[in-house]
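Q: Protein chains in written order, with this note's numbering: chain D, -17 to 400; chain W, 2 to 271.
These are calculated hints, taken from the structure and not from any lab test.
Please note: incorrect hints may appear among the correct ones.
Covered, in the sense of this in silico footprint (three residues per stretch, anywhere, with C-beta under 8 Å from a C-beta of chain D), are these stretches of chain W [what the hints assert, rightly or not]:
1. 31 to 44
2. 53 to 64
3. 125 to 135
4. 167 to 178
Short derived list, chain W residues pointing at chain D, Cβ under 10 Å [what the hints assert, rightly or not]:
5. Phe11
6. Tyr12
7. Ile21
8. Phe69
9. Thr73
10. Glu158
11. Thr159
12. Gln210
13. Val211
14. Tyr230
15. Ala231
16. Ile233
Since the structure is predicted, the reported quantities are computational estimates derived from the model, not experimental observations.
All residues carry an ideal CB built from backbone N, CA and C; glycine is no exception.
Each chain is listed here by its residues.
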Amino acid sequence: MKTTLKLGLAMAVTMGLSGAALAQTKEIRVLLANHPYGEVLKAAIPQFEQQSGIKVNVESLQESQLTTKLTTEFATNSSSVDVFMTRPLQDGKLFAKNKWYEPLGGYDFSDYPANTVSIVTYDGQPNIVPLVTEWQVLFYRKDLLEAAGLKVPTNFDELTAAAEKLNTGGLAGFASRGKGAAAVTQLSTFVYNFGGNYLDKGVAVFDSKEAVDGIRYYGKLVGSYGPRGVTSMSWENILPLFQAGRIAMWTDASVFYGQLTDPAKSSLGADKIGIANVPAGPKANSPFYVTSWGIAMASQSKKKDLAKTFLEWATSKELAAKAMEANITMARTSVWEDKAVTAKVDPGLVETRAFVAKNGNPSDRPFMSAVGEARDLIGEIIIESINTKGESPQIDQMAKDRAVKVNTLLRDTGEYGQ
Amino acid sequence: MKAVGLRILFYLAVVLLALIVLLPFLWMLISSLKTQIDIVAWPPKFIFSPTLQNYYKVFGEQDFIRYFINSTIVAVFAVGVSLLLGLPAAYSIARFSQRRLAMVILLARLMPGISFLMPWYIIFSRLGLMDSYVALVLSHVLITLPIVVWIMSSYFETIPLELEESAMVDGASRHYIFLKIILPLSGPGIITATTLSFIFSWNNFLFSQVLSMEKTRTLPIAVFNFLSYADIDWGGVMAASVAIMAPALVLTMIFQRYVVSGLTMGAVKG
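Model the full structure from these sequences, guided by the hints.
A: Laid out in structure tokens, this is it:
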């Protein structure tokens, strides 16, 4: 027994020493998400290492694992992460409040749309470099709409009529996420287009008449014409249904377009897939246009100079242009203005992006620290609305009740009214 | 006539129950041999041209051999340490009725694992033990040790005290009795404890997620390599799951006989 203990201690000491020795070389630790842009970076990192002489230890994680890991490392104040990919809307507020991001005062943000920068700015300084944006669109089956003699819907009345006409036995006329919290982002455009919002200046306002109208309409549409069991469906359930030809129209984030047209993933054929702006609502026409991923430096990093060098390279225009070729919809403005680049991007993405860049709303969820809890609360209203096709008399009361609860969450973190 | 009818009914019930349990596994196995298009096809395809591309992704494109080795190292050492510490502890609990000690050990198992993560992370990172097998093994011992102690203490209680007493009359010491009499008699119990704790360590996600890094990544974490942002490679996930399940399944099949007897051994003690 004693020998084991000694052995264990000896091992611990040796490994501790080797850890300390490593810290002196030019080396940084980078956490990436399992994301196409992460793949682009990983492929290019050897080149960066050669040019800069900095060794990059990369680790790539699925997004929720990434958040868990970063949170644990930062909260215990013993992180060795220097640069990491991050979700500005999901993690941003919490991370910024805890000062886990290093403010990026010296970085040149002139090539980024103003609303993508404003949402990552805290205490007057941007904390995250936006990488990838996405926006809500309407995916539709060209062949089915044509066969039914329908035009692509441009407002909610046309959308309802088209969904009703297309909805037959094995085919769902319209689908969108129905699984509570996951549906909150896809509902957002509907709420905006009815003139509502989730939060206004740090106060929950989704119990307003406009917002509730949006929630009811979403419930009516998804509940009446959606696939069976839609209240337990997020994108990972709806995407394969659409790929299998069982859904005629689907609103979700633009990021899925590539998988619908990829012959290795869908047998429908790219010529049958259409992409359009989300139809306009009675009050507005403002789909979400969000920065889904960004990259940041850790405030706990001990090698900020090296980290900054890496960050500048990882967000360079050259890499952004390269990523665009793989249909990754980058945040930088200049790559969308460069004809040579956009020529290689799917025209459907270029067109819908041009619309949202002007009219988009930079948030698709209640933007707050306790975003997860708030999404759960709003998700309950969505499920009630879908289950009753938007008819339930309780929806107004539920919205009021959940708004009070979200306000409590906001007060708990000191964000109420800010 | 009535007996035949009953028998048919019995077998129907058996088939039905087996199907309920086996269908998800069957589905996983079939899907692991399909292309992404065939996986999402509706109605589901039962006749398709099988492909090994998913397995190629698991073992060729992804470094699953390394994750396999990592998982094996962690599980083997965690179980080894647990047996080394747990067997004497279980013996002591069984023979000296140290119920309170047993409860404390069980408590460690009942506490939500996440509450250990932060302290561990601090300790291991200060010691420079991040991304080391030592950290992972030690954390997995928390899972495996209570299993060993609880199975073995009730197992030891079933071994007649008279055996020890007669050995003592002959002048044997406690250590001698434990090593030469009790342990050789405990084969089935030890196999049960080993198998179960091995499987629990093999499947552990939470601890490995935070305490492992690229070098020491274990299998349950590696499955997530097939989950990208807004994109799930179902075929890859299925093939990886089959690969992960295989060792645990083989282990269980070989030792199943002992596992069942080992578990019931403790259950019927007087």
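Q: Is the shortest C-beta separation between Val211 (chain W) and chain D less than 10 Å?
A: 5 Å, holds
Q: Take the stretch 167 to 178 of chain W, compare each residue's beta carbon with every beta carbon of chain D, and decide whether three or more fall closer than 8 Å.
A: That given contact is violated, which follows from only 0 residues of the stretch 167 to 178 of chain W lying within Cβ reach (below 8 Å) of chain D.
Q: Hint Gln210 (chain W) vs chain D: min CB-CB distance below 10 Å?
A: Cβ of Gln210 (chain W) sits 6 Å from chain D, so the hint holds.
Q: Are 3 or more residues of the stretch 53 to 64 of chain W near chain D, judged by a Cβ distance of less than 8 Å?
A: This one is violated; 0 residues, fewer than the three required, reach chain D with a Cβ under 8 Å.
Q: A closest beta-carbon separation below 10 Å is what the hint needs, so does Thr73 (chain W) meet it against chain D?
A: With a minimum Cβ separation of about 19 Å from chain D (threshold 10 Å), the hint on Thr73 (chain W) is violated.
Q: Given as covered by chain D, does the stretch 125 to 135 of chain W meet the bar of three residues or more with CB within less than 8 Å?
A: This one holds; 8 residues, not fewer than the three required, reach chain D with a Cβ under 8 Å.
Q: If you take the shortest Cβ to Cβ gap from Ile21 (chain W) to chain D, is it below 10 Å?
A: This interface hint is violated because 20 Å lies over the 10 Å limit.
Q: Go through the hint on Tyr230 (chain W) and say holds or violated, using the shortest Cβ distance to chain D against 10 Å.
A: 4 Å, holds
Q: Checking hints one by one. Is Glu158 (chain W) an interface residue toward chain D, by the C-beta closer than 10 Å rule?
A: 24 Å, violated
Q: Interface hint check: Phe69 (chain W), Cβ to nearest Cβ on chain D, cutoff 10 Å. Holds or violated?
A: 19 Å, violated
Q: Quick check: do three or more residues in the stretch 31 to 44 of chain W have a beta carbon closer than 8 Å to a beta carbon of chain D?
A: holds (count 7)
Q: Minimum Cβ distance from Ala231 (chain W) to chain D below 10 Å?
A: Holds, about 5 Å.
Going through the hint list in order, the structure does not satisfy hints 2, 4, 5, 6, 7, 8, 9, 10, 11.
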